[in-house]
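Required output: the full structure, derived from the provided sequences and hints.
The listed protein sequences derive, respectively, from chains E and B.
Using the UniProt record's numbering, the first residue of the first sequence is number 1, and each one after it goes up by one.
Using the UniProt record's numbering, the first residue of the second sequence is number 1, and each one after it goes up by one.
A few of these clues could be false.
Unchecked claim - Beyond 12 Å from chain B on every Cβ pair, some chain E residues (computed): (1) Q3; (2) E92; (3) E109.
To be verified - A short list of chain E residues far from chain B (calculated; beta carbon distances all over 12 Å): (4) M1; (5) P45; (6) E182; (7) G185; (8) P187.
Claimed, not checked - Pair ranges (Cβ atoms, derived): (9) B/D200 to E/R183: 27 to 35 Å; (10) B/D200 to E/E182: 52 to 60 Å; (11) B/D135 to E/E182: 46 to 54 Å; (12) B/K113 to E/E170: 20 to 28 Å; (13) B/D198 to E/D106: 36 to 44 Å; (14) E/P45 to B/A35: 16 to 24 Å; (15) E/R190 to B/T219: 48 to 56 Å; (16) E/G63 to B/G71: 26 to 34 Å; (17) E/R190 to B/D200: 25 to 33 Å.
Read the hints as simulated data drawn from the structure, not as lab findings.
No residue lacks a Cβ here, since even glycine has one placed at the ideal position from N, Cα and C.
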Amino acid sequence: MAQKLNYLKQTPSQTAGPYVHIGLAPGAAGFDIYDTELGQDIAGPNAAGTRIRVEGLVIDGTGSPIKDVMLEVWQANAQGIYAHPENAGTVEDGFRGWGRVITDFDTGEWGFDTVKPGPVPGRGGTLQAPHLSLWIVARGINMGLNTRIYFEDEAEANATDPVLNTIEWERRRATLIATRSERDGLPVYRFDIQLQGQDETVFFDI
Amino acid sequence: MTKPPAEFYQWDRDRHPPGYTPNYKTSVARSAQYALISLENTVSEVTGPRFGHGDIDPMDRDLLHNYAADGQSAMGERIILHGRVLDENARPIPNTLVEIWQANAGGRYRHKKDGYLAPIDPNFGGCGRTLTDEDGYYYFRTVKPGAYPWRNRVNDWRPAHIHLSIFGTAFAQRLITQCYFEGDPLIARCPIVQSIPDPDAIDQLTAVLDMNATIPLDTIAYRFDIVLRGRRSTLFENRLEGN
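See the structure below:
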C-alpha cells in the first residue's frame with residue numbers, strides 16, 4: 001500500500017432549484033428582507049468606458065425559454081482590470097465587476113447594464129478579447145454552467161482570442177458571440193443561451 | 001501582486017452530479033449534450049467578487065428573527081447551522097460570502113411560485129447571509145426546514161434541506177449546493193440527492209448533529225463543513241489567501 005493523499009474532497013454541487021430567488025433575489029420571490037440585494041450594480045456610476053446593455057434568453061432542449069434561471073456575470077473594467085486583490089492595478093470607485101440577474105417569470109428575458117470590458121491578459125503572454133464570464137444556475141441544472149460572452153464588433157480581437165481558438169469546432173465558436181444592435185443610442189448585445197441540442201452554447205470546464 | 005495568480009485544481013467531476021440525471025426529470029431538457037470545453041485558468045477565472053461587512057447586516061445570519069415581527073421569532077425546531085469553508089488543501093477561506101435559503105418548518109417556501117398547501121410562517125422569511133471569519137468559520141440561526149412534495153414522480157418528497165451558495169475567492173470556485181440532515185430517510189429516496197453518483201459525496205452533504213455546539217435549553221446544532229477547490233502552490237511562495 002502506498003501512502004494516502006490527504007487532500008479534502010470537494011463539496012458536491014446540487015441544483016439551485018426553482019426557488020433560488022428566495023435566497024439570492026428575495027425581491028423577485030415576493031418579499032423585502034435586505035436593505036440591499038447584492039449584484040444589482042455591476043459597474044457603478046464612476047466606471048469609464050462604453051455603457052452597454054446585454055440581454056437574452058436561456059432556452060432548453062425543447063426550444064422553450066426557461067423562466068427560473070439565475071445568471072451571474074464577472075468582468076474586467078474598460079482598462080481590462082478585475083476588481084480583485086490579485087489583479088495589478090485599480091478599478092474605479094464603485095466598480096465591482098460582478099452582477100446577478102434573474103430571468104423574467106413570464107417571458108424568460110434577462111438583461112443587465114454595465115460597461116464594455118477591455119481586453120485582459122491570457123496565458124503565455126497572449127491577450128484575450130473583451131469578454132464577460134457567465135455562470136448559470138437553475139432548476140434542472142445540477143451544477144452551474146460556465147460560459148463567456150464575446151462581442152460581435154470585436155471581430156479582430158476575437159479572431160486571435162486564445163480561448164475561442166481552443167474550440168476545435170469553428171462553427172461552435174459563434175455561439176459565444178453576442179450580436180450588436182442599438183436602442184436609444186446605446187449598444188445592446190443579444191446573447192441567447194441554448195442549453196442543449198444542435199446549436200448548443202459552448203460551456204467550459206474552468 | 002505582480003506574481004502570476006495560482007491555478008485551481010480541476011473540478012472533480014466524478015464527485016459532482018452529471019448534467020443528465022433522468023430520474024430528476026427537469027434535468028433531461030436542461031443538460032448539455034456536448035462535452036464541456038476545458039479552459040485552463042486565466043485571470044478571468046482565478047479572480048472573483050469580494051464582499052465586505054458593508055454589504056450585509058450582522059442580523060442577516062439570524063433567520064429566527066431577520067423577518068420576524070418585534071418580539072416574535074420563527075416557528076419550528078430552533079437550530080444552529082455552522083461549520084467552516086475550507087479548500088482541498090484544508091486551508092480556511094476567510095471573508096467569503098455564504099448565502100442560504102430554505103422552506104419553513106412545514107416545508108413551505110416564501111415564494112410566489114410555491115403553491116404547497118402548508119401555511120406560510122408570518123415570522124419567517126427563509127433567507128440569510130454571512131461572511132466567514134478569519135478561520136473560515138460561519139454560522140446561522142434558523143429553524144429546521146420541513147420536507148415538501150414536488151412534481152417529479154407522483155409521490156416524490158424532498159428531504160429537509162437548506163440551499164447554500166458559496167463564493168470562495170475566485171469565479172472558478174463558485175458553488176451552489178444543498179445540505180441535508182443526518183438520519184433523514186428521505187435522503188436515499190430523493191432523485192436530486194441521488195444525482196450524485198458517489199455515496200461518500202452524498203454523506204458530505206449531510207450535516208451532522210453537533211451536541212457540543214448546542215445551546216442547552218435553547219437551540220440544537222448541526223455541523224456542515226464546505227470544501228471548495230484548492231490551488232496549486234508554487235514552492236517558496238507564501239500566499240495569504242487561497243494559495
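Going down the list of hints, with the structure as the test:
1. Q3: 16 Å, holds
2. E92: Label holds. Min Cβ-Cβ 15 Å, cutoff 12 Å.
3. E109: Its Cβ never comes within 12 Å of chain B, the nearest being 17 Å, so this holds.
4. M1: 19 Å, holds
5. P45: At about 17 Å from chain B, E/P45 clears the 12 Å cut-off, so the statement holds.
6. E182: Since the minimum Cβ distance to chain B is about 27 Å, E/E182 lies beyond 12 Å and the statement holds.
7. G185: 29 Å, holds
8. P187: 21 Å, holds
9. B/D200 to E/R183: 27 to 35 Å: 52 Å, violated
10. B/D200 to E/E182: 52 to 60 Å: With a Cβ separation near 54 Å, B/D200 and E/E182 satisfy 52 to 60 Å, so the hint holds.
11. B/D135 to E/E182: 46 to 54 Å: 51 Å, holds
12. B/K113 to E/E170: 20 to 28 Å: 41 Å, violated
13. B/D198 to E/D106: 36 to 44 Å: 39 Å, holds
14. E/P45 to B/A35: 16 to 24 Å: Roughly 42 Å apart at Cβ, these two residues miss the hinted range, so it is violated.
15. E/R190 to B/T219: 48 to 56 Å: 50 Å, holds
16. E/G63 to B/G71: 26 to 34 Å: 52 Å, violated
17. E/R190 to B/D200: 25 to 33 Å: 44 Å, violated
In summary, the structure is inconsistent with hints 9, 12, 14, 16 and 17 from the numbered list given earlier, while agreeing with the others.
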